[in-house]
Amino acid sequence: MRTFQRTFTYLVLLFLYIPMVVLAVASFNAGTDPAVWKGFTLHNYSELFADGVLLPMLLNSVIIAVLSSLIATVLGTAASIGMHDMKPRLRSMYMTVTNIPMTNPDIVTGVSLALLFAFAGTLLKMKSVLGFVTLLIAHITFSLPYIIMSVLPKLSQMDPDLQEAAMDLGCTPRQAFFKVVLHEIMPGVISGALMAFTMSLDDFVISYFVYGPKFVTLPVEIYNYTKKPLQPKIYALFTLLFMVILLVMIVMTMLEARDEKQQTQRRIAFRGGRNRKEVRG
Amino acid sequence: MIHTKRLATPYIVWMVLFTVVPLGIVFYYAFTDSITGQFTLENIIRIQSYMPIFIKSIWLALISTLVCLIIGYPVAYYIAQCPPSRQRLLYLLVMLPMCISFLLRTMAWVSLLDDTGIINRLIQAMGMKPLPLIRNNGAVILGMVYNYLPYMILPLYSVILKIDSRLIEAAQDLGCNSPQVFTKVIFPLSMPGVISGFTMVFVPAVSTFYISQKLGSSGTTLIGDVIESQFKAAYNPNLGAALSLILMVLVFICIGITRRVSGTEEVAMP
Amino acid sequence: MKRLCSLLLCAVLLVASLPVSASADGGSINVYNWGQYISDGSDGYIDVNKAFTEETGITVNYMTFDSNESMYTKLKTGGSTYDVIIPSDYMIAKLISEGMLEKLDFSNIPNYRYIDKAYRDQAYDPKNEYSVPYTWGTVGVIYNSKYVDEKDIGSWDLLWNPKYSGKILMFDNPRDAFAIGELKLGYSLNTEDRDDLRNASYELIQQKPLVQAYVMDQIFDKMEREEAWIAPYYAGDYLLMAEENPDLKFYFPEEGFNLFIDACCIPKGCQNKEGAEAYINFLCRPEISGENLDYLGYSTPISKAKDFMDPDISASEIAYPTEEMLANGQSFLNLSVEANHEMDALWLQVKTQGGVDAYAVWSMVALVVLLIAYLIFRKIRRKRRIAARCARWKTESRD
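Chains as they are written, first to last, in this note's numbering: chain D, 1 to 281; chain A, 1001 to 1270; chain Y, 2001 to 2399.
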C-alpha cells in the first residue's frame, strides 16, 4: 500500500512537471514550435533581454504583488484580531462578507470590479481610471480573505490567558499585543501573506478585467502573447522565472528547517534544565 | 484593553466598497437594457437559451473536481505520512506549479496534445496512427485537473496532517480493518479539507475561459467564454452581468449542496 | 522571520524608487492597434515605435486588440484612454456616428499629402476629417497545398468541405465571419435584412462541426505548424506566413471577397493629441510606411512608399491585386444599430451552438436526484436514531 502510494505520488508529480519540462526545453529550441527540435540556442534568452516589454511587465507584476500582499496582510491581520473579539453574530456577518470573494468565481469578481471602476470613472469624470490603482485595489480585495482565513484559526488556537499573563508581568496592552499576540499568530500571518503574494503574482483572470494601457502585468501580457504567433522568448522568460522561484523556495525551506532544528534544540535544552531543577528540588 | 473590534472597521469598509457594491452594480446591469438603459427582464429571460452551456460547464467542472479528489487524496495522504523534511519538499513541489502562469502551462499542454504535437509525433514515429488527443471534453478535463490539482492537494494535506493518530490506533484497537479505518475515521475527519478543496477546484473550473478556448473544440464553449466575450468582444455588459449573476447563484447552490451533503460547515485552509 | 520582513521591505523600497525614472521627457501616447500589425524590429526590420521615440522623445505605450469589436468594447467600457487607434473602415464609421472620434488637425499631419487619391474620400469618412489610412488589404483563403486538393479550391465552399473536417479555421469576429456566409449565399456584405443575417448564421452553424477553432492571430501559428490546413484571413498576413511555410497558398474566392482600409484615428478623451498627430504623421512618411509594410505584407496607401519596399512584395499580386481582381471586392459599411445587435446575438448563437451531450444532462439530473435522496435518507435515519435513543432512555428511566 505504501509503495503504491509513493509511486502514485511521484507519478502525479511527474504529471505536474511534464509541461514545465516541455517549456524549459522549448526555451533552448532554435525553432518556434516546441514540438520540433531544431537545435540548441540561447537566442531566445538574448531576445528576451533585448525586448523592452516583458521584463518591465514582470517588474509591474512584482510591484503589484508586493504592495497588495503587504497592504492586505496589514488590513487582514488587524481585521482578524478585531473579528476574533467580536460577538458570534457580528463575526458570522463579517465572515459572510469574507466568503464572497472566496466562493465567487474569479471572472465574476473581475467583471464586477470592472463595472465598478467604469461606474466610478463616469462619476468622477475621470477618463482613464484603469491602471495601477485599480489593479492594486483588485489584488488587495481578492487577497484579503486568504489572510483572514489563515490568521483567524491561529487566533482561536491561541491561549486567551497569554495576553493577560503578559500584562500581569508588566506589559502595557500595546506591548502585550506586539510581543505576545502578534508573535503567536505570526506563522498564520506569514503563510497568509505568502499565499496572497503567490495569488497576486499569478493572477490573470481578475487583472484581465481591470488593467489599463499604462500598467500591464505579466500574466495579462502573456495572454496577449498567446493570441499572437508564438514567440519563444516567452519560454525563456518562463524558464528564468521558474528557476528563481525554485531557488527562493529551496532557500526558504532550508532556512525554515534550520530554524526548526534550532528551536527543537532549544526546547530540549530547556526541558533538560527543568528536569535538573526537578531532580534538585 | 485596546478596542480591538475597531481594528476590523477598515477591512469591512474595504470589503463592502469592493465586493458588495460591485455585486450591486452587476445586479443593476443585469436588469437594464444595453441600448436604452431602462429596466428590463430581457437579459435574464435570454439566459435560458444558454442553459445547455451552464449545464456543460458545471458538468465538466464536477468531473474535473472529482478526478482531482480521487487523484489528490492519496497524494495528500502520502505526503502527510512522510517524515517532516520529506513533507516539506513534497509540499513545495506541489505548490510550485501554482506560482507559474497557468496560461503558459496550458500552452505547453497544447503543444503536447496537438495533432502535430509532441505526443502524436512520438506515436507516429513508432509507426502508429495519430490520436485525437486535443479539442474534446477529455482534453478540457485534463487541463482543468492539471491546473487545479494543487488546490485540492494542499487543503487535504493540511487537514490530514492534523488528524490525531491516536484516533486511528483506537479504531484499530476496537477492531476496524484498514478500509473501515479509512471510511469511518480518516475520511470523515478530513471532510473540511475535502470541502475546501472542492470549492477551490470547482469554482475556478466552472468559470474558466482560457482552458476551454485552448484545449476544447469549437463546440466546448463554456460559460466563462461567453461572459468574457460579452465584456471583451461583443459590447453587451448587460447580458454579461446577467450571466455572471446566474453563474454566481449556481456556484453558491453547488457549494451549499456539498456542504449540506458532507454535513460540515467548517472549511480548511491550505 | 525578521529576514523575510527586511527582504520584503527592501523589495518595496527598490520598487518604489523605480516608476519615477520610467517617464520620458517628451510625454507618452497610448497606441491601440491590431495585433501583429506593426514592424517591431524582428528579423532585422525597422522597429517603428522605437524609431518614433528616438526621433520625438515621446514614449509609446503600445497595446493590441484582436478585432474591431473588441477594440470598440474596450473604448466603450471606459476606464482607459487611447491617443491613437487603428480600426477598419466600418468601425470608423460607427465610431464617427457615435461621436467617439476627435477631428484631426491636418496641419500637424503634413505627410497626409502622400496618401493616394484612391484612398481618400471613402464612404466611412467622406470629408476626410477623422482618419488617415494606414494600410489596405483583402480577405482570401489560405490553404496548405500539401493536404488540400487543388480541385477543391476556388470558392468559399472549401470552408464547408467535410473532407477537411477539423482542419478548418474560422474568423473569431462576427463581421468577418458573417461576410463569408453572406458571400457564399450571394448576399451583399452590408445586408441589414433579418432573414439574410439569419440565413448566414445558419450557414455558419452548419460549418461549425468542421471548424477546428475560431481564432484570429493564432491562425499564423496553426497554419505554419500544419495543425490546420484551411483558413480565411487577411492577404497581408498570408505573405508573412508563406515565408515560414512555403506550402501555404492563397486564393481570392470567386464569389467575391472583402476589401478593407484600416486607418489611424484619435478617439475622444485622448490625452496627448499633438503627440498622437505626430505619430500619425510619422506613420505616413513614405520611408516609414514602406519599411513597416515591407515587414507586414499589407498594402500601402502611399505609392511613394513602394520605393522603400522589397520589389517582391510591391510586385506581388496578392498584396496589390490588379484592378480587374479588385472589382470583385466589396467594402464593409457601418450597419444600423439594430442590424449590429442582431448580428451580435446571432454570432453568440453560432459560438454557443451544439456540443451539449445528452448524457451530461441526464447525468446531472441523476446526480441531483441521488443527492436529494441521500439527504432525505440521512434525515430519516437521524430521526429514527433519536427516536430509538429516546425510547431507550424512557425504558431505562422507568427501571
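None of these hints come from the bench; they were simulated from the model.
Quick caveat, the model's predicted, so the values are computed rather than measured.
Cβ coordinates follow ideal geometry from the N, Cα and C atoms, glycine included.
Each hint should be verified, as a subset may be incorrect.
[As the list claims (entries may be wrong)] Below, in silico cross-link-like pairs of lysine to aspartate or glutamate (EDC-like), each with a Cα-Cα straight-line distance of 16 Å or less:
(1) Lys228/D x Asp2221/Y
(2) Lys228/D x Glu2244/Y
(3) Lys2304/Y x Glu2324/Y
(4) Lys227/D x Glu2317/Y
(5) Lys1214/A x Asp2310/Y
[Said to hold, decoys possible] Computed beta-carbon distance windows for the label pairs:
(6) Val248/D x Leu2333/Y: 51 to 59 Å
(7) Pro1083/A x Leu255/D: 41 to 49 Å
(8) Gly1037/A x Leu247/D: 27 to 35 Å
(9) Glu2324/Y x Pro1132/A: 39 to 47 Å
(10) Cys1082/A x Val2365/Y: 39 to 47 Å
(11) Glu2274/Y x Phe49/D: 29 to 37 Å
(12) Met2364/Y x Phe178/D: 49 to 57 Å
(13) Pro2246/Y x Thr1036/A: 27 to 35 Å
(14) Asn2190/Y x Phe49/D: 19 to 27 Å
(15) Leu255/D x Tyr2374/Y: 19 to 27 Å
[Said to hold, decoys possible] Covered stretches of chain D (chain A as the covering partner; in silico rule of three or more C-beta atoms under 8 Å from a C-beta of chain A):
(16) 45-59
(17) 94-104
Right, here's what the structure says about each hint:
{"no.": "1", "hint": "Lys228/D x Asp2221/Y", "in the structure": "holds (8 Å)"}
{"no.": "2", "hint": "Lys228/D x Glu2244/Y", "in the structure": "holds (15 Å)"}
{"no.": "3", "hint": "Lys2304/Y x Glu2324/Y", "in the structure": "violated (22 Å)"}
{"no.": "4", "hint": "Lys227/D x Glu2317/Y", "in the structure": "violated (28 Å)"}
{"no.": "5", "hint": "Lys1214/A x Asp2310/Y", "in the structure": "violated (36 Å)"}
{"no.": "6", "hint": "Val248/D x Leu2333/Y: 51 to 59 Å", "in the structure": "holds (57 Å)"}
{"no.": "7", "hint": "Pro1083/A x Leu255/D: 41 to 49 Å", "in the structure": "violated (19 Å)"}
{"no.": "8", "hint": "Gly1037/A x Leu247/D: 27 to 35 Å", "in the structure": "violated (54 Å)"}
{"no.": "9", "hint": "Glu2324/Y x Pro1132/A: 39 to 47 Å", "in the structure": "holds (44 Å)"}
{"no.": "10", "hint": "Cys1082/A x Val2365/Y: 39 to 47 Å", "in the structure": "holds (42 Å)"}
{"no.": "11", "hint": "Glu2274/Y x Phe49/D: 29 to 37 Å", "in the structure": "holds (34 Å)"}
{"no.": "12", "hint": "Met2364/Y x Phe178/D: 49 to 57 Å", "in the structure": "holds (53 Å)"}
{"no.": "13", "hint": "Pro2246/Y x Thr1036/A: 27 to 35 Å", "in the structure": "violated (54 Å)"}
{"no.": "14", "hint": "Asn2190/Y x Phe49/D: 19 to 27 Å", "in the structure": "violated (49 Å)"}
{"no.": "15", "hint": "Leu255/D x Tyr2374/Y: 19 to 27 Å", "in the structure": "violated (48 Å)"}
{"no.": "16", "hint": "45-59", "in the structure": "violated (count 0)"}
{"no.": "17", "hint": "94-104", "in the structure": "holds (count 8)"}
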